[in-house]
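S.K.: Sequence:
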Amino acid sequence: MVSRAQKGLITDWWRSIDRWFLAAFLILMIGGMVLSFAASPPVAERIGLEPFHFVKRHALFLFPSIAVMLATSLLSPRGIRRMSVVMLCGALGLMLLALFFGTEVKGARRWVDIGPLSIQPSEFMKPAFVVVCAWLFAEHSRRKDIPGNLFSILILMVVCALLVAQPDLGQTILSSSVWGALFFMAGLPWIWIVMLGSIAVLGFCSAYFVFPHVASRIDRFMTGEGDTFQVDTAREAIMRGGWLGQGPGEGTVKRILPDSHTDFAYSVIAEEFGIISCMALTSIFAFIVIRGLSVGFRQRDTFNRLAISGLVMLFGLQSIINMAVNLHLMPAKGMTLPFISYGGSSMMAVAITAGFVLALTRKRAENVSQTDRLVDRTLFFQNAVSAR
Numbered sequence: 001m002v003s004r005a006q007k008g009l010i011t012d013w014w015r016s017i018d019r020w021f022l023a024a025f026l027i028l029m030i031g032g033m034v035l036s037f038a039a040s041p042p043v044a045e046r047i048g049l050e051p052f053h054f055v056k057r058h059a060l061f062l063f064p065s066i067a068v069m070l071a072t073s074l075l076s077p078r079g080i081r082r083m084s085v086v087m088l089c090g091a092l093g094l095m096l097l098a099l100f101f102g103t104e105v106k107g108a109r110r111w112v113d114i115g116p117l118s119i120q121p122s123e124f125m126k127p128a129f130v131v132v133c134a135w136l137f138a139e140h141s142r143r144k145d146i147p148g149n150l151f152s153i154l155i156l157m158v159v160c161a162l163l164v165a166q167p168d169l170g171q172t173i174l175s176s177s178v179w180g181a182l183f184f185m186a187g188l189p190w191i192w193i194v195m196l197g198s199i200a201v202l203g204f205c206s207a208y209f210v211f212p213h214v215a216s217r218i219d220r221f222m223t224g225e226g227d228t229f230q231v232d233t234a235r236e237a238i239m240r241g242g243w244l245g246q247g248p249g250e251g252t253v254k255r256i257l258p259d260s261h262t263d264f265a266y267s268v269i270a271e272e273f274g275i276i277s278c279m280a281l282t283s284i285f286a287f288i289v290i291r292g293l294s295v296g297f298r299q300r301d302t303f304n305r306l307a308i309s310g311l312v313m314l315f316g317l318q319s320i321i322n323m324a325v326n327l328h329l330m331p332a333k334g335m336t337l338p339f340i341s342y343g344g345s346s347m348m349a350v351a352i353t354a355g356f357v358l359a360l361t362r363k364r365a366e367n368v369s370q371t372d373r374l375v376d377r378t379l380f381f382q383n384a385v386s387a388r
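Letter 45 of the sequence shown, counting from 1, is numbered 45 in the numbering used here, and no numbers are missing.
What the hints contain is simulated information worked out from the structure, not anything from laboratory work.
Think of the CB as a built atom: it goes at the ideal place given N, C-alpha and C, for glycine as much as any other residue.
Don't take every hint at face value.
Okay, the calculated beta carbon distance ranges per label pair [unchecked claim]:
| # | residue 1 | residue 2 | range |
| --- | --- | --- | --- |
| 1 | 67 | 116 | 16 to 24 Å |
| 2 | 191 | 258 | 45 to 53 Å |
| 3 | 290 | 100 | 37 to 45 Å |
| 4 | 232 | 189 | 42 to 50 Å |
| 5 | 60 | 150 | 56 to 64 Å |
| 6 | 82 | 193 | 14 to 22 Å |
| 7 | 93 | 49 | 30 to 38 Å |
| 8 | 294 | 145 | 27 to 35 Å |
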């Protein structure tokens, strides 16, 4: 136990941190490490690597990710804003660089090689983009002469242009959706809702006709015709697992599932650990989102309220997309399951997102609601009267 008489950075952090959030994030990170033993060895063997190649790499990124999450949670809201501006500028620069010099994988240029590491800049762009836009919306609501809404629209246009150029329609939809939710929470007028909704529908329809791979995925989803091997195999793995699963290491369908360690890790969980385990995992994601929105809405500071809500929506929407693809509820899309799927850039970026949430939800004087202040004053006066 930490004594309340003790003072210091760590003790203050421990007293002020939201331990429910901290526990949920750590459970997901450790659970992802355990589940990598089930999902990744078949993929490694299939491409000629030693069985635990991806397990070792997952562990290699796990401990730095935990350290980054905890270090980021020590920041003040001002420190988070500054870090996000720098990170957003760097990520956008690397995304532009990837279009010309990046590594091409399956027709997309999303990765930049820096020494022995392959980085996906768009993963780091997302949390920084949410925080910067929340800051701009908050500044505009505080002072109408600050063109925060206009700047956020310009940043969104740059982000979407770079993502479409890669191309990465899934990340484009994810980023645009979270931005739209933030704009709505910041007091978006109805005329803007109609205009932006129309632009979104027009953009989605245009993507169908402009990008052949988008059209083919949607057509396969709607008709069931064509190459549906991955989705069909993932669904078979889920059905084979039943309620309690085949047991750790006993899955067989996972051995022929190409992306079992990344996009379809959820299906491997279902096959080996059962639907009940998947429901428990989904409940943790739901808990993070619901608690984040609940805590966010109680914040007095507009920036804190928007940033917390936007970050947990980013976290939750990405999770929903991944699980929906595994359950064949939407067209296939390469979207990782936060902290569970293999991927160094994804894990590190989600750790930064979690660190931002932990930092912004810490108990500070400026975060105390008006109701809490009223209760404290009432108790103070009651104690004063009793003392007399």
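S.K.: Against the structure, test the hints numbered earlier, and report the numbers of the ones violated in rising order.
M.R.: 5 and 6
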